[in-house]
Each structure stands twice: as structure tokens, then as C-alpha cells.
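Trainee: Residue numbers (my numbering), protein chains in the order written: chain S, 1 to 200; chain W, 201 to 773.
These aren't lab readings, by the way, just hints derived from the structure by calculation.
Just to be clear, a hint being listed does not mean it is correct.
To be verified - Here are the simulated lysine-lysine pairs, BS3-like style, with alpha carbons at most 27 Å apart:
hint, chain 1, residue 1, chain 2, residue 2
1, W, K388, S, K73
2, W, K361, W, K417
3, S, K73, W, K525
4, W, K535, W, K355
5, W, K503, S, K66
6, W, K506, S, K7
7, W, K535, S, K66
8, W, K522, S, K8
9, S, K7, W, K522
10, S, K174, W, K361
11, W, K522, S, K73
12, S, K125, S, K97
13, S, K73, W, K535
14, S, K7, W, K503
15, W, K388, S, K66
16, S, K73, W, K355
17, W, K535, W, K548
18, W, K525, S, K66
19, W, K437, S, K34
20, W, K278, S, K73
21, S, K66, W, K361
22, W, K355, S, K174
23, W, K388, S, K174
24, W, K525, S, K7
25, W, K522, S, K66
26, S, K66, W, K509
27, S, K34, W, K503
28, S, K8, W, K525
29, W, K548, S, K73
30, W, K525, S, K34
All figures in this text were calculated on a predicted structure; none of them were measured in a lab.
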Amino acid sequence: MESKLEKKEFNITVYTENQVGLLSRIAIIFSRRKLNIESLNTSPSEVESIHRFNIVINETEEVVRKVARQLEKQVEVLKVYYNTNEDVIWQELALYKVPTEIIAEHVSVERLLREYGARAVVIRKDYTVFETTGHREETDALVVVLQQYGLIEFVRSARVAIIKASDGFHTKLKQFENREPGESASENEYLNNGDKVFTM
Amino acid sequence: MSSEEETAITVEQLKGSEILLNGLIAEGVETIFGYPGGAIMPIYDALYDYQDRLKHILVRHEQGATHAAQGYARTSGKVGVVFATSGPGATNLITGLADAQIDSTPMVCITGQVFAHLLGTDAFQETDVINITTPVTKWNYQVTDASEIAEVLAKAFHIAKTGRPGPVLIDITKNAQLQLTAYNGYQKCEHIRSYRPAPIIRNNYIEQAAALINEAKKPFVLFGQGVLLGNAEQEFKAFVEKTGIPAAWTILGAGAIPTDHPLNVGMLGMHGNYGPNVLTNECDVLIAIGMRFDDRVTGRLDKYAKQAKVIHLDIDPAEIDKNVKAHVPVWGDCKETLPLLTALVKEKKHEEWLEKFRTYTREEIEQCIDAEINPQSGELTMGEVINQLNQLTKGDAIIVTDVGQHQMVACRYAKFNHTRSNITSGGLGTMGFALPAAIGAKFGAPEKTVVAVIGDGGFQMTLQELGTIMQSGIDVKIMILNNQFLGMVRQWQELFHDRRYSFVDITSPDFVALAKSYYIDGQKISERAELKDALKTMLDHKGSYLLEVMVTKENNVFPMVPQGCSVSEIRLK
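The shape of chain S in the complex, shown without the other chains (with noise of 0.2 Å):
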């Protein structure tokens, strides 16, 4: 069985107004607790007006569970998740630049292309950007190979991530427009099935 003490990246979605400073809000709950955040990513959601923030971290699921509690009890936070890698379907979007001269000179581009599912988003005399979106592993491995080819400069998105077994936020949003949430809005059943999805 799996420990609960042990480490792992945990994905925490967390439901929030779109309003100005929230993000140091949320940030403070980190880094209060001198927890690192490896990335987060802020965009709207699906539902207008709720703003949907990802944040990956390496963490206990101890000490994420006390942090989303924490997360969720910000005023305007409507909700908070969180969920391990096999949870969700993720994505990270990656961008690549290498000197044109030397990739069409040294590399089968078309052979790039297609092993690493990349992409050419420009391409000009001097440099070329390639474009591709994947887990880490599958974008780090481009890195390596492009590095020989003189990799002028890459970079990395954070993190976004789909909860797999989540229906989306429409009908929770409907629990917290009206002024008494449905039961299921505040369960913690996670006590007595503590590896299910946290929610309260």
C-alpha cells in the first residue's frame, strides 16, 4: 500500500473569483509554510467569471490536504481539489528555438518533427521555433536532442491539468449562488475514505 507520508506531485485545482490580489493570497499559503510550488497556471475556467488555478506541488498528501483546507478557506475561494498525476490528464506546452542555419544543416527536421510530436511555429533565416506540448519527460527529451544543435532558448509553460472524474464546476457553482449549499458542497466523508477527491 501506498504511504501517505511518502512524497509525490500533487495537483491542486483550486475554483477562485477573478478578483486583483488573490494570487498573493494564495501564494502566501505556500510559502508561509515554506512549501515550493514546481508550477501554476491561472486562466479562466469553464464557468464565466471563475477564475481556475492549477498548482503542482511535491508534497505529502498530509500536508496537501491541510493546505488545500487552508486554500479553501480564503473568502474567495469556492473550491479547492486535489488530485495525484494518475488523477488527471496533463499537459505542459514547450517552445524551442534553434539557429535555423545548423537544424537544416545537421538534423532530418521532418524526422524531428514526427518522433517528437513538434511543431514549427516560426521560421525565419536566423532562428527557428519549434512547438511541442506533452508531459515533462516528452518535452525534456527534445531539450536533449536540440542542445547538440546549438538550443538558443526554451521554455516551458506551466502546468494544466483536467480532473479526470470531475463533471466540471456548473453545478457546484449553482450549490454556492444559492444561500444553502446542497449537502454535497461541505461532505467529509474523506475521513472515513481518506484516498477519495478532497472536498468540503
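With chain S held as given, fit chain W onto it using these hints.
Mentor: Same frame as chain S, but now just chain W:
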């Protein structure tokens, strides 16, 4: 005339500052503690015309305003309100905000801010108050347009006083204070989409808790400020009386049931009573009500109540499992959850179990308390002073304590017959808290005798508030227990640092003369024979009074759970 034109004429135009004051009145605010300055001047200018409806207490330092607001909130049950200007005025609020945050005190602080067009330019007296206060507020918001003020203020009050209460800060730019805008009246806030002040009560957990309690042979209740904040004193009393369970309190829970109640077995924690600490590690069911298992209460967590099934009643879901794992969580306001639980529990008496507490109490009295409150010779002890004060006030006074040895002594030996009568800085441990908090406490409960018990160190941190007492003419009794040391630090240095008294020897001014310079009467005593009369003089005096009592220098507060030890390793000497 078109209907649109009619509407335009009937809508009132008010300045942002006036909208703010109207909102405060609509929220039932009567007293504001504050200090004016450049960036909040429009609000103060408007306040000039509202003096018949809003009482403003001019403190001597903004920190004093926050502690006064805390004292006011804690005695009255209302929201404490503070005004401060931008920059240094706002940063001076930080200690009070942090204190209110950790002790769950409802407070709304309004700070002035530079003009919106100057934000981020390092303008005169500009600080990023929103980012500075984020970690120490329940919520904060910067207003840059007058049209936002009414709604934001309503939201602030709703957040400050509901759920687990806490401090809220609104930063208002000067242009927003001055700006004329349409005012359609003030609507109180009752619902915020993303804010869930109290979780839904789940009956299955109440049932599980009741089953555990009914089967328990040695159940033990720990109660904290949540009982007071939920106004659940009666519900709590009904629960413990029906179940017959011994109940011990955190320092912020003191007074939820009277000290002399037969089921009140004393104080928890580092300087708490012997029995409650030792027996925490012997009980079979631990019922925590409105308390957060602070480390000063639990000592070493890995040795804390490991044998017990834990039932935790709390309104704040984040407190459940934070420090001590709960077997049964009872989320919700204990005003609502306790009656549900009481209805399901069996009426019982745990006489044999209670006798164990009494046995420990007898041992503690013999080895520790007797010598402290009835010393046969030598210098005065803090314990005997508090005990004497107790006898004279009959446990009816509001005792406001600062932080240190005297705080622990006062909490241990003062009697609290009434709820909201022990006002102290529990979580943050803020020296300098008591004098301004006592001012606020008196405004919050003017009919009560308010005694501020302060050490010689803490008094010197905010003694400028004597000026506030002088100017507002209120009746606060100030009792300084002077041991010429920063006593608690010295105690630790004695016990854990080989008596290396590093910078704890503190020299004080003539406190009585100082008080007299503020037209506050007082006296200084050092003899046992003078004590009773001096206390009577203080209590009978019309108006504020300062009594300085010289107490023995190197007295220690015992019992004590040394840091890093389990609660059952509590020492009596």
C-alpha cells in the same frame, strides 16, 4: 419630466467618506478607535459632522487602536472598528491585526490610502497595505472608487463577524473618499458566493459522536473561545451537565462556564492545572469544543492523547485534523451542534473519573497553589495579589491581561463568573496588549469593573495609551505587577539556560508619577499588609487608577509543561 430624470434627481449624491460613515451607522457601530492623518483626512472631516452618532476615541498609537478594538469586540460581542491613515499609520496596525487573526476577533480596519493615480509610485506615506496585511487578515480590499464603498463595507462586516470571526481591512484611496457618487442607501451583506462561513451540520457525525460519548468511561471535554464566539454558553453548560463530563478550558475559553462550576476542572496547557494536563493522556474520549489544539495546549503532539478517540467540534473546517487527528469531526457552529449532541447523549455522572481530577487538584494545591496564594513570609507573590483581587471583585470583574508570567497567574487564579470576562492575547502573545485592550473593554462593557493586569515590561510597550484614558475620561483600573524582570523569559532562562539572565533585567520609571502626569491617581505598594487596602482603594476609586505592586523578583509560574514535553510530563516545581 421623464421618469429617468426623476430618478436622477432623487438619487442622493454623497462623498465616499460620508457613504462610509452612513454604512458604519447602519452596521450598528457606535465606537471607533483611531488616529487621523493626511490620507484619511476626508473621512475624519466627514466624522466631524457625525459626532452625535459615532463616538471616536483618539488613541496615542495605531497599535493601541487595534488592541482597543479587540478589547471592545471581545467584551461586547460586536465588531471593533479602527481608523488609521496610510503608510506608517497602516503598518502600525499589523500587530493588532495578527493578534485578532489568531484569536478570531471580529474587527474592521479602515485605512486611508494615497490618491489612486499615485499608487505604486512611492508617494508620500504610501505603503502596499493590501499585500502587507494579507497574511494577517481574514479578508482585505482596496477601494479606488467611491461607488464601491457601501458594498465593500457591507461585505467586510459580514466576513468579520460570521463563521470563524476575524479582522478585515479596507484600504480607501483619498480620491475615493472625496469623490461624489450616487448613494442608494446601505444594504447589509448576507451572502457572498464564494464565502461559506459555516459548514453544513452532518447528523451522522453527531450520531457517531454521541455513540462514543455514551460508551466512554473516562470522557474529557476541552473547551475554547468557540463557545463564547458562538454565544453557546448555555448550550455548552447543558451538554456538560447532562453528560457529567469534566471540562477544562483554554485561556480564551475561560468564563464559558463559571470557574467554580463543579464540572469545571481547570485550565489546560503549559501553565494550566495539573489534573487536566495529566488526565488528557488517560481519557478514553476527548471532546474538543471550539478550540484549536494550540501547541501551548498540546505540548508534544506525538505524545498527545494517543489513547483517546477524539471528537472535534469546530466551525472552521481547516482546524479539524490540523494538529490533532479527529476520529469524529463535528463541523459547524457549536451553538447549533451542541444541542443536537446533547439530545442524543445519555444523562450520566462520572463520579469516579471526576474524583481523579479532584485528587490531582488537591496535590496541586498542596505542592504549588498554597505557597503561591498564601505565602507565610517574604515578598508579595503575583498569585496572592490576584487571589486578593478576586475576593474583592467576587469574580465579577473583567480581567484584561498582558503577556507573561502575570498573564498565566491571572488566568490560573482569577475567577470568572461571567462569560467574556477574561480578555487576553492568547495566540500571538502580544506584550503591550492589555492597556489599550482594557480601554476598549471598558467601552464594550461600561457597566463592568475593568482591571488591566500588566507586567512592568508589557506596560512600557504601550503606556502612551494613558493619554487615551486621560482624554476619554474612562474608568480603567490598572494594576502593574512589577517583578523588575521580563519575568517569563527570565523563568525560561532560569530553567533551560542555566540562569543566564540575558537582557531581562528591566528598569522602570516611577509608574505612579507617570500616571499622575496623565491626571490618573495611583499608588505603589510592596508590603503584604498594604495589599487589601490598596486593592480596595483602587476598586473604590472614582475613575481610572494605577496600582503598582512590587512582587517577588524570581518567582516561577508552576505547574509547567516544559517545551518539547508531553502534557503528562507537567512539572509541579
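Trainee: Each hint should be assessed against the structure and marked as holding or not.
Mentor: Verification of the supplied hints:
no.: 1; hint: W:K388 with S:K73; in the structure: holds, 22 Å
no.: 2; hint: W:K361 with W:K417; in the structure: violated, 38 Å
no.: 3; hint: S:K73 with W:K525; in the structure: holds, 19 Å
no.: 4; hint: W:K535 with W:K355; in the structure: holds, 23 Å
no.: 5; hint: W:K503 with S:K66; in the structure: holds, 21 Å
no.: 6; hint: W:K506 with S:K7; in the structure: holds, 25 Å
no.: 7; hint: W:K535 with S:K66; in the structure: holds, 26 Å
no.: 8; hint: W:K522 with S:K8; in the structure: holds, 20 Å
no.: 9; hint: S:K7 with W:K522; in the structure: holds, 18 Å
no.: 10; hint: S:K174 with W:K361; in the structure: holds, 25 Å
no.: 11; hint: W:K522 with S:K73; in the structure: holds, 13 Å
no.: 12; hint: S:K125 with S:K97; in the structure: holds, 12 Å
no.: 13; hint: S:K73 with W:K535; in the structure: holds, 21 Å
no.: 14; hint: S:K7 with W:K503; in the structure: holds, 24 Å
no.: 15; hint: W:K388 with S:K66; in the structure: violated, 33 Å
no.: 16; hint: S:K73 with W:K355; in the structure: holds, 16 Å
no.: 17; hint: W:K535 with W:K548; in the structure: holds, 22 Å
no.: 18; hint: W:K525 with S:K66; in the structure: holds, 12 Å
no.: 19; hint: W:K437 with S:K34; in the structure: violated, 41 Å
no.: 20; hint: W:K278 with S:K73; in the structure: holds, 22 Å
no.: 21; hint: S:K66 with W:K361; in the structure: holds, 24 Å
no.: 22; hint: W:K355 with S:K174; in the structure: holds, 21 Å
no.: 23; hint: W:K388 with S:K174; in the structure: holds, 22 Å
no.: 24; hint: W:K525 with S:K7; in the structure: holds, 20 Å
no.: 25; hint: W:K522 with S:K66; in the structure: holds, 7 Å
no.: 26; hint: S:K66 with W:K509; in the structure: holds, 21 Å
no.: 27; hint: S:K34 with W:K503; in the structure: holds, 25 Å
no.: 28; hint: S:K8 with W:K525; in the structure: holds, 22 Å
no.: 29; hint: W:K548 with S:K73; in the structure: violated, 38 Å
no.: 30; hint: W:K525 with S:K34; in the structure: holds, 22 Å
Violated hints for the displayed structure, listed by number in ascending order: 2, 15, 19 and 29.
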